[in-house]
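Q: Residue strings, one per chain:
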Amino acid sequence: MPSHETLERVKRIVRESMKLDPATPIEDAMQLMGGEYDMDSLDVLLVVTNIEKEFRVRIREGTMDKSAFATVLTLSTFVETLPREDQ
Amino acid sequence: MSVQNPADLARLLGTLPHRPPFRFVSSLDALEPGKSTRGVWHILGDEDFFRGHFPDAPLVPGVLIAEALAQVSGLAWLSGTKEAIGMPARLAQVNVKILTGITPPASITLESTLAKEMGSLAMFDVRASIAQETGQMTIATGLIVLTKAMPDEGEFHGGTPKHQLKPG
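If you're matching them up, the sequences are chains A and B in order.
Residues 6 to 92 (my numbering) are what the first sequence spells out, left to right.
Residues 4 to 171 (my numbering) are what the second sequence spells out, left to right.
The set of hints was computed from the structure by calculation and includes no laboratory data.
Do not rely on the hints blindly, as some may be mistaken.
Okay, derived cross-link-like pairs now, PhoX-like style, lysine-lysine, Cα gap no bigger than 20 angstroms in a straight line [what the hints assert, rightly or not]:
1) B/K38 x B/K151
2) B/K100 x A/K24
3) A/K58 x B/K151
4) A/K58 x A/K16
5) A/K16 x A/K71
6) A/K58 x A/K24
What you are looking at is a predicted structure, and each value in this text was computed from that prediction instead of being measured.
Can you build the whole structure from these sequences, using the hints too?
A: See the structure below:
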């Protein structure tokens, strides 16, 4: 289970990347692909890039599959598995 | 690498599918294949689009500055690998802020750096600037995404096709 802080940071990234209203509630279980907001490949690229900047991590092709983008919760869990670049 | 040799410049510009009058890169100052490009668009003022944009008050169209930035991004991407040359690359997303209007004649420096490549998509940080006495003044900045295929044709298809752009 990811930390509350990671979840909130990922939610902020998703909200900003998807250009959602700041007041839009985002649940931990919110579906990112196929759900109400249904991210496409461009959205995924933007979220990945912003996660890299925010968490100072590197997400390499092949280290991430679709399941990481199932929900905010799975994405946050995935983020916490990534080694920080400055470590 | 610097591209001063006219033959090399012509060969590199030829890797772009664009041709005059819709090529907005006049010269290349620097090219790091697959990573970054710095080029210049020399605008004389006699280009056809100034007849309408705008009569008696010519102004370089912001959308053409964004297009020029997309073209130098394409040069960086298409020069990266032998397989990429001639590859059809298309504009997938533009998020460029135009900071000031430019009147001709002008020489606009175009810079693009690959920020992230994923699947069929490549995102570039871009900047356009003009020379001032005090140094380069940024006139446009933002990000551009190019694609080898149309959005949602790749492995990250998220469901319902959504081809809409998201201008910033």
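Q: Going through the numbered hints above, which ones does this structure break? Give me the numbers in ascending order.
A: 3
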